[in-house]
Each structure stands twice: as structure tokens, then as C-alpha cells.
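The listed protein sequences correspond, in order, to chains A and B. Position one of the first sequence corresponds to residue 2 (this note's numbering), numbered consecutively onward. Position one of the second sequence corresponds to residue -11 (this note's numbering), numbered consecutively onward.
Honestly, the hints are just simulated from the structure, not real lab data. Just so you know, not all the hints are guaranteed correct.
[As the list claims (entries may be wrong)] Output of the computed footprint for chain A on chain B, the stretches with three or more beta carbons under 8 Å from beta carbons of chain A:
id	region
1	84 to 96
2	115 to 125
3	340 to 347
[What the hints assert, rightly or not] Straight-line C-alpha distance at most 20 Å; calculated EDC-like pairs for lysine to aspartate or glutamate:
id	chain 1	residue 1	chain 2	residue 2
4	A	Lys52	B	Glu93
5	A	Lys280	B	Glu93
6	B	Lys131	A	Asp105
Even for Gly, the Cβ is constructed at its ideal location relative to N, Cα and C.
Residues per chain, in single letters:
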Amino acid sequence: MTDKSANYDSENWDIRIAAHRSVVDFNFKELWRYRDLLMMFVKKDIITVYKQTILGPIWFIIQPVLTSFMFFFIFNSIAKISTGTVPSVLFYLIGTTLWSYFSDTLNITSKTFTDNASVFGKVYFPRLILPFSKVVSGLVKFLIQFSLFLAVWLYYVFIEHAVTPNWYILLTPLWLFIIVLLSLAFGIIITSLTTKYRDLIFLIGFGVQLAMYLTPVIIPLDQVSGSKKIFFQINPLTSLFEAFKYGFFGQGSFEPFWLMYSAGFTLVLLIFGIIIFNKVEKRFIDTV
Amino acid sequence: MSNEVVIKAENVSKLYRLGQVGTGTLSHDLKRWWATARGKEDPYLKVGVENDRTKKSNSDYAWALQDINFNVERGDTLGIIGKNGAGKSTLLKILSRVTTPTKGEIKVRGRIASLLEVGTGFHPELTGKENIYMNGAILGMTKREISSKFDEIVDFAGVELYINTPVKRYSSGMYVRLAFAVAAHLEPEILIVDEVLAVGDAEFQKKCLGKMGDVASHGRTIIFVSHNMQAVQSLCKTALYLKAGRVADVGRTDMVINNYLSREIKNCMERDWNGDNEAPGNEYIKMVAARAIPHVANPNDPITVGTPITMQFEFISYLDKVPIELSLLLFTFAGVCIFNLGAGPLTLEKGKKYKSELQIPGNLLNDDIYTINLLFVKDSSTKIFTIEDLLTFEVVDEAREGSWFGKWPGAIRPILPFTLTQ
Chain A
2 MTDKSANYDS ENWDIRIAAH RSVVDFNFKE LWRYRDLLMM FVKKDIITVY
52 KQTILGPIWF IIQPVLTSFM FFFIFNSIAK ISTGTVPSVL FYLIGTTLWS
102 YFSDTLNITS KTFTDNASVF GKVYFPRLIL PFSKVVSGLV KFLIQFSLFL
152 AVWLYYVFIE HAVTPNWYIL LTPLWLFIIV LLSLAFGIII TSLTTKYRDL
202 IFLIGFGVQL AMYLTPVIIP LDQVSGSKKI FFQINPLTSL FEAFKYGFFG
252 QGSFEPFWLM YSAGFTLVLL IFGIIIFNKV EKRFIDTV
Chain B
-11 MSNEVVIKAE NVSKLYRLGQ VGTGTLSHDL KRWWATARGK EDPYLKVGVE
39 NDRTKKSNSD YAWALQDINF NVERGDTLGI IGKNGAGKST LLKILSRVTT
89 PTKGEIKVRG RIASLLEVGT GFHPELTGKE NIYMNGAILG MTKREISSKF
139 DEIVDFAGVE LYINTPVKRY SSGMYVRLAF AVAAHLEPEI LIVDEVLAVG
189 DAEFQKKCLG KMGDVASHGR TIIFVSHNMQ AVQSLCKTAL YLKAGRVADV
239 GRTDMVINNY LSREIKNCME RDWNGDNEAP GNEYIKMVAA RAIPHVANPN
289 DPITVGTPIT MQFEFISYLD KVPIELSLLL FTFAGVCIFN LGAGPLTLEK
339 GKKYKSELQI PGNLLNDDIY TINLLFVKDS STKIFTIEDL LTFEVVDEAR
389 EGSWFGKWPG AIRPILPFTL TQ
């Protein structure tokens, strides 16, 4: 008994607060225990966006409509960039909907530390809960915009017969899931770096804007000529966007190799992101 | 089980970077990385100086905490005391896992909840009910735990009527009561409380202290940080006294408090800077001297409750043709403001020396240790300079007639016409 209790005394600590933890010391159990907090954050985001704004959801609809119209006007009518046989409105609509989810999530999660410094300075909870909650609350806006797309899409499928979906449409939740993880991974890496080196944030804002032009939001991948295609393909979003459209429109490209590449890229980036985020979260309050 | 150690701090140290954090950190990081890559010690860990705010240092780094060791047993209530800047808040932050120590380790058994602020995560647009859930979740409660306590929380806060109203419409008192109510109903094994009790009205403070006492008697462990010696005395069995980032004393509360009082409270009745660069001041004002002169027969006599005191302040103005006012606040040791007096306005001219004088009559102050804060106010509203703890002096009891020698109660001790007749 004495041996046992001595052992208990020296080993059985629930929490160790120290300067260095190993990089793999990541407490999933704790994260799970705080799942209610995640739901509270999501609820808060939704309530604060919709309370006192009757037009709240309407703005979400107007945004992709106007953007699609702008794209149509500039890239289709003026620059004459074809969207293949897919009606350009439909093409732009799904492009902007997916892209705005990706960039919104990236933008909001990349400010996790700076935006929440006051809360983080006062109370402990697994910091990853916050970017996770932003990913989930962002999905609400995405679903509203996606419903708009679906309505237009149904019109083109059943009335105009302009596009024919195929069975790959069933895989779209998977592509969406990878896009979600990718934006989260980028976001938490950026927020980890920018707590200390603030000027990076300008670079990032600029970078995200440019990245849109290397993603098939406006130009379908098969419209890009040979040697330049690789610049699109190394962008992990490209194959995901293409596969998304492939299911809905029955055209575009579906390339297992590049999809595997995107999934692998996302996984590696996410693990790296969680490690660096975990490292920064312990100290950032001293540097912010 | 009663002697089980639930918190064990071993050689906890914390280094802070002084000055403008955020400039040149990339180069520091690279140097640090280069040193550790070659297997050498972090070069910045050596240069730290002891945490003493009154001295200027050439180092960019300072130790906020150094080699802190202590144990807390289950069911214990530990009070952490110390002057401003002694490292209390840093220790709390480490215990609350808001930041990590630079060296050393704290090991904890059980769930910790910390209250460094009331109402963390409160959102003005959310209703009282939503905020209870939000705040509870942030403090580590699950939805189910909060639901089971919900009625008790609402009742404790006394906000039943407004529970579905957004908290932005609450009065500040209601807001604080609701926030504290959530915190008070946490049931962690270890509760860490900063001076959140400094909020709310006296009645509510009493209620909070009572609630915390209840928590402690149920075998949970409390760590409590406060300037309020009375609160520490009544709530805590043991106390930890921090001085300049080190543990100066730890043990039974009354003994630690006595030690603290005798070591920290030095009478500081005369300060003369004489144009020294170190003199308190800024681009508007620079202090020259501050004095508290007791009217005593012999310079070594103590100040008693009957001693009149003259206060003098001298300063140089760098402002030109600007009207300023002086504000003097007198605090008891426990931090209670006894009075706030104003002088002026007076229009200052650049480069001239000004004097201010205050007479405190005898038979006004009770026996206590008093400190003085001086505020310079421009245009009767803008604070331009504040000096805290400018002077400190102790007023002692005088030989009393009659047979009762206990501590004389009261914040002040005036002699007023008060008669008893038939």
C-alpha cells in the first residue's frame, strides 16, 4: 500500500504547467471535454450576427450574386474567358461560394490570438476550440449561399438541361470537409506566426487575394494551357474545386492523383498547424 | 487524504522582456535559436535582473518570479500577498495556465478553475441566460453542470426578472452579480481567485466571501490573491508572501501577514529629488520634493492619532499657461480611500516651481498605515500625471484613558461634540 501511494504521489498529476512540452503532447481528451464550449461559441457567433439584423441572411445571398455578376461582366463579357459548356453564372456561383467560405474561415481563424487576447489572458481553455468554432459557424453562411447555388443549379439541370450531374456528387461532403480542414490549417498557422511577427498579416491578406486567381474560381482548369497548368495543380484547392464541380456539372476534371495530393497536403499542414498553434498558445499572452 | 498535495510548485521562474516588446524579436529569436542549436544555454536567460521597479536596469529582461516553491494540500485555502509588482499576478497567470513559466514546473491534481476577472466572455448582445451558459462553459463547466445549477445561479445573482434580457441593458451591479454568481457555482477541485471581490457593493462582497468560505469547507482548495488583509485573514489558513518575485515567507496567515506588514511598510515621510533625473514626472510635471511633517515635540516621536501633520509637495511645471488642479487621495493600508482633496486650479508657467501644502489636523485619522496618491489634472478633467504611494506613514494609537485597550474601530477617529446628560 505504501508503495502504491508513493507511486500515486509522484506520478499521478493531472496537469503539469511547465515551459516545455513535447511537440506531440496534445490533449484530445481535454478538447473533447470542452465540446460544450465549442457549441456555445458557435451559438454566440450566430446569435450576434442575426440579432437585430433582419437583413443578416439576405446579405449572405446578395454577396455571391453580385460577385458572380461582376465576374460574368469582367471575365466572361469583356475578357472572353470561357467557362466551358457550364453556364458561366452557375460556374461563378459555386466558385465564389466555395472560395468565400475558404477565405472567410482563413481570415477569421488567422486572427484567433489577436482577436481573443483579452479572453485568453484571463482564462484557460483549449485554445483550438475557438478556431474550430469559427469553422463551424462559418458553415452556416456557407449553407445559405450553397442553397442559392442549389436552386440555380436545379433550374439548369431540370429546366434548361444545361448540365448533367453524376454519381461523384455524393463525394462532395468529403471535398468540402478537406477544404474546411485546409482553411483551418492555414488559419491556425498564420495566427501562430502573426502573434509575434505582426507584419506578416499584410503579406497574408495579399497572398489570399492572389491565390484566388490560381484556383479554378473564374477559369476552369481545362482552359489553362499545358505549361501553366502545374501552377494551378500544385494549389491543393484546385483538384478539390474541380472534383466538386465534376459531381454537379458532369464536366471538369476528376484526378485521383491530385486529390490524394490535396488530402495529404491538408493532413500534413493541419498536423504542423496544430503543433505550432499548441506551442504558441502557451506563451503568446506575454508577447501580444 | 487530507494531507494530499494537490498543487506542487517547483523552482518556478518567469522571465519577462522589458520595454517595447515586438521590436527586434525576430533577431532575438534567431540568436536564441542559434545558441540552442549549438547546445548552449539561452543567452537571454542570464541577463535578467531582479524585479525591482525602483531601480533602473540596463537589461532588457527581468525576472517576474524566481525559484518559487510551495505546496498546497487538499482543502487548504492559500492567500497570496505582496506589494504591487511582487509577482502575484504572474503567479496567478501561471497557475491559471494563461501563460507558462520560463523555468520550473507546477504540478496539479484535479480540475482548476480560475477567476482572474468576473464575466470573462460575457457578450452584451446575449441574454442573461445565454451568458450564464457561455461564461460557465468558458470556466470549464459542461452544459449539464450549468443546467443543474441554473436556478441556484439566477437566485444568487437576484436577476430572475431580467434573465431573458440582453446583458447590455443590465445595470453594472446586476452584471457583476450575475458574473460572480456563475463563478461562485463552479465546482472545481481547485479554485483560483484574483481580487474580483473588489467589485460590487459591500453586501454582495460579504455574500461572495461567505460563498468562498463554504466552498473551502467542502474540501475544495482555494488560492486567493488580495490586497485586502482582512479578507485574506478571514478566509485563508495559510499565506504566501511574495517580494520582488521571490517567496519571502509562507506559513500561517497571521504570522505571514505580520511579517509582511513589518517588512513592506516603511514610513516614507520625506522624499527629496532636487532636480534628480529619477524624480517622478513626465513631459508636463516633475516632482522636486514631498514631505509629511508631523507636529511632534521630539523628531523621534511616533505619529499618534492626535498628531497634526503638514504635507508639502513641490514640483516644476513644463506646462505653459495651462490651468491645473491637484488631487490628493489618502488610502488606508487595506486600500480604502479615506478622502480625496482638490487644490487649485492654478495656471502654471513653464519652468517655475510650485508648492502645495495640506494640513491634516490631529484627531482625524485612526491608527493605521496610510499612503498618499497625488494626481495632476489639466482642464479639470484630463489626468496628466499620477504618483502612487508617494508618501507612507504610520499613525499609532496614543495612550488612552479608561480601561479598554482593544483596536479602536472606524476608518477615521475624530473628536466631535458628543455628550451624555441626564
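Evaluation of the provided hints:
| no. | hint | result |
| --- | --- | --- |
| 1 | 84 to 96 | holds (count 13) |
| 2 | 115 to 125 | holds (count 4) |
| 3 | 340 to 347 | violated (count 0) |
| 4 | Lys52/A - Glu93/B | violated, 45 Å |
| 5 | Lys280/A - Glu93/B | holds, 16 Å |
| 6 | Lys131/B - Asp105/A | violated, 29 Å |
Of the numbered hints stated above, those contradicted by the structure are hints 3, 4 and 6, listed in ascending order.
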